[in-house]
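Colleague: The listed protein sequences derive, respectively, from chains A and B.
Everything in the first sequence is counted per my numbering, starting at 1 for the first residue and increasing by one.
Everything in the second sequence is counted per my numbering, starting at 449 for the first residue and increasing by one.
Worth flagging that the hints you see were computed from the coordinates, not collected in a lab.
All values reported here derive from a predicted model rather than from experimental measurement.
Don't take every hint at face value.
[Unchecked claim] Straight-line alpha carbon distances no greater than 20 Å define the calculated SDA-like cross-link-like pairs of lysine to any residue that follow:
#, chain 1, residue 1, chain 2, residue 2
1, B, 589, B, 612
2, A, 202, B, 528
3, A, 202, B, 529
4, A, 202, B, 589
5, A, 202, B, 553
6, A, 202, B, 524
Take a look at the letters that make up each chain.
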Amino acid sequence: MRVIAIAWDAPEQEAVITALTAVAPRLEVTAPGLCIVPAQGPTRFYGSEAAACTQLRNAVVSLVDVQVGVADSRFAAALAAQRNRCVAPGKTREFLSRFPVSVLDPLMDDKSEFSDLLQRLGLHTLGAFAELPVDAVMARFGRHVAHAHRLARGEQPTPLILHVLADPPTLTTELDPPAERVDIAAFAGRALAADFIEHLTKRGLACTRLRIDAETEHGEELTRLWRAITVFDAETIVERLRWQLDGWLSDASPTRPTSGITLLRLHADEVAGSGDLQLGLWGEMSAVDRRAARGLDRIRGLLGPDSVLTALVRGGRSPAEQVQFVPWGEPTPPPNKSDSSPWPGCLPSPAPALVYPTPLPAVVTGPSGTPVHCSGRGLLDSPIATLRICQGPTNTVDTWAGPWLSDERWWDRRAHRRRARFQLVTTDHAAYLCVVEQGEWWIEATYD
Amino acid sequence: MSALAAVPDLAENPAMSAISQASDLRESAVIDPGSRILAVDSSLIELLPDRGLRRGSTIAIGDTPGAMSLTLTLLAAPMDTGAWAAVMGLPEFGVIAATDFGIPLHHLALVPDPGDTWLEATAALLDSIDIVVLAPPRRCKASDARRLSARARQRGSVLIICPPAHTPHRANTPCWPESADIELTVRDNEWQGMQCGHGRLRNRELDIVASGRRLAGPARHAHLQWGQQQWNLGA
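Chain B on its own, in the form it takes in the complex (with noise of 0.2 Å):
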């Protein structure tokens, strides 16, 4: 309670205070100082200023085909270490494929439907689970996007907002009306493995762009190519 009150913008919703006052049983949130960093996939380690998910910063994932597997390839080695991850406001997550990328289901919460209360029902996630995942509805106002993100850098939690899925068409506008710490987009991806009629889709392609406010410089890019070990085939 006294650690929010001292966070006016977050006092001041009544919703979020109503949380606070119903979280009295809750521990403060214990960080280890020793990972304020969460280790990603090799591949992603050079488009990061931190070589990592830094903890209580703000990662927006560009809309473009693509997005939600990056989005899986930057959740699969922190939960490989641990961590626990929630996936807010896409019941399109496709399980089968977060398995694939090595993502322990155990440790994965999904709430597909949050309706109303998304916005109080993340913060309330990003008080205790590691990395959320959030796929903000079209009425995502700016001063609710910069609570979240304030919240994330209060409780040492990673907020990945990645593009909603209710259609396979990307809108132009962005999903996210702040700029978050990191933007990752899918600039090129290339699917390979089939011609008319034949085969199947087997490798494929990506290249990704970081840029964001925590970057300094020129954007970064990165190649990555994904063929049968990375869909862990077990058979």
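Looking at chain A on its own, in the form it has when it is part of the complex (with noise of 0.2 Å):
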């Protein structure tokens, strides 16, 4: 992802966003004196890179004298910004490689350590940081550092962790009466930001870009984008909100606001997994989550990348389909439509407590003592008297119910499946989830 960032002395912010939004509409504030914008939509306008770049330049050049970057990705962009360098596609890598490591300290929870960690190992510039092998670096030193390690070898990790919802979380305050200063308007939003950040977490979610809008009583409305460093808590919103109204209601602002601010609203326009990398670098996790996500990837470097899963509920019909599996630390993919459709002859609850990954073979009897055949829709020869699992004892079946007839993929001749599943309880107490399919018998699952 090629990514444009643009950097300027901090003191002049709100006419120079607004001059820059024009060219570029996309544009993220990720601190003050500091704009990203992804450069796919302004270089197809304007032609090329560096003519979104001299757009961009000459969109403020009677304001302020900006410094323009491009690389592939953020964290580069906004170190190539401070250079005036536009890096070519593909040399990221290579022209992060030759920055100190302390650039990476800002991302980090403990500031400087982390730098004095590295040049203690004799590592001193990003480029010795990138060629240590990503598992080496996992298992040592866990996934924050593993991030850190992503961007130092000049990969943009966010995109892949994007989530696409339906209904993204929005939470707006009224202010009565209404905020003529900033420091009263960010009171209000001190409240609003503690609830927003709540309501993320009890989602499982965590917000790494957030649009704040803001209205005034005569309708004036002020939106911006902030992309987080890391991701956002209630502080960080906070301190978002401040510079985003510092601009506007200042006096010397053009478009300053005839009068006093009525509502804010915080819209978390991108947002992460908890799950995901990101949360396990910054401040909104607890003691514990750090705790447990710094033991899970000791595992992970003990017995090997994939050893250690976390699991998603994902559309589908039998148990075993209706589950993912994700190594844990990897981005989650995004929930899919299918996932919340309904699955004609998926199973009714309750679910059984045990799925085999591979189902075992069972041999199922009538009262006779044949085994019983399902006929093409779901008939049985016979009442279902035995069962047997694995060559193990035979069981008497107590009762039985079904089927749920399944006929998948009926388009596709090589991928066409049809299966019949029976719930079947033995003498014994045990349920199991039976499926049938070409006159075999398989347990796929115990009701245990």
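The two chains are supplied separately, each in an independent frame; assemble them into the complex guided by the hints.
Modeller: Written out as structure tokens, the structure is:
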């Protein structure tokens, strides 16, 4: 992903952003004096990256002297802007390699200690740090350092962990009386931010890009997109709110509203699952979560990268199909549309507590001792009397129910599967989920 | 490192000391004295001597039908309040059933196949995860069992021993070669809701018996009834 970063001397803020937004609407403010724009849109519109940069520069030439940088990741683009450099596609890692490791410090919790640690290990540049094997970094330092390692390698981790939400979390507060001053609005924003974070945390989300809307009594509006350096917590939201309003409400501002602020709205423009990498890094994780995450990273180091799994519930018919396993620490794939749609042939609750990764072969017989045959319509040629699993002892079946028929991918001759599922309870009170396919019986799960 | 060295039987094991060396970045376990007891589902309170899961204790689940559901019931309430759990050596863990019981998946880690390093990996999990569910392999020795229980006690985590589920047939030999602090066994387990060919599994009644070292006096019983509400049916 190509990214353009624009940097300037911090005191000028609001007028610069307004001017830049006219050129590149998807502008994200990272900090006072630093903006980020995904390069794709402006590049296509103005013909080339160089032309887009020139346009951005020209837009603010009368206000402030800006520096513009282009690179393959947000992190690298911000550094490129400090040097007014356009890093060619694919050369980002090389560009980063000469920087001292201390440029990573603002991203870490413990600030300066991290680069101290790397320097004590003899790693003075991002290039040397990036050379370390990924697995070794993960095993030795855990995933917050693995994230920094990814940045040092010139990768852009964020887009992978985006979740597309049908209803992005939004919270609004009305100010009555209207706030004429920044500190009054920020005070109201403090409670709003705390609620907002709590709301996200409850849904297992963390906000990585935030939209703050402010409205005045006379209907003037100011909307800004804010990109978190890591993820937003209540404190940083209030800080961003202050930055946004400071410029707008200052006497020098050309767009200064004519009345007080009556409404503040926080909108999670981009979120990541809190189980994803980012939350591993920063503030909002409790001590318990940090300890757990670190422990699981250690197990990964001990047993291998795919040994520790987290589970996601997806759309599907059988208990096995409804679950997707993702290695711990990997980005979670976004939910599918089909996850919430109905699945004909889906089994009713309760779900079985044990699901066999490979179904166990079974023999199901009728009262006469002959195997039970299931027709294409799910009709059995005799009642079910006994069940024998994996050459084990023969159990008497007390009661049974079914079939739940599934006719999958009937449009594809090779992938087509017809299956019928039955629930069986044996006389020793064990309940099984059986599936019959092409005359063969299998145990898929146990209602343990 | 120093904390581990203080426990001789852990430091003796070369694999264990390798873990301790690999983990010098680890912060020492912080155990909030206010939460020595993890709350459990109200139906199980009377079974447990502390009316909850005491941190540092080992709980063995008896090898009878219903063992896994009982384990899920034990996990649900503490995890709902923010505790983490890891499930070791149980590739058959029913994720959908877990969510039905109210277990938040983002605080659950699964280590389905730890292989030969199961002992070291479980010990490492006990360092950092509040509740570790272990389905021990058949070759689990009494000395290994004692070490893991000691590790749980020292780190303030809860070790739940769940019978392995490689086949649905339950062996009569105990899967845990040591006596646990508490042993919970599903004595009676009755499914309702179907008759030959009709209906479906709907309601369930279980009788659970608690015994063990930490339970003085006669064995305690609890009768559980699970119906639609317990399956947490959203639809």
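Colleague: The structure should be examined with respect to each hint, and the outcome stated for every one.
Modeller: Taking the hints in turn, this is what the structure says about them:
Our distance criterion of 20 Å between C-alpha atoms is met by residue 589 of chain B and residue 612 of chain B, whose separation comes to about 15 Å. Between residue 202 of chain A and residue 528 of chain B, the direct Cα distance comes to roughly 11 Å. Compliance with the 20 Å bound is thereby established for this hinted pair. In summary, the hint linking residue 202 of chain A to residue 529 of chain B is supported, as the alpha carbons are separated by about 12 Å, within the 20 Å threshold. A threshold of 20 Å between alpha carbons decides the hint, and for residue 202 of chain A with residue 589 of chain B the separation of about 42 Å lies outside it, so the pair is violated.
This hinted pair checks out: residue 202 of chain A and residue 553 of chain B have alpha carbons roughly 13 Å apart, not beyond 20 Å. As the CA atoms of residue 202 of chain A and residue 524 of chain B are separated by approximately 16 Å, the hinted pair is consistent with the 20 Å bound.
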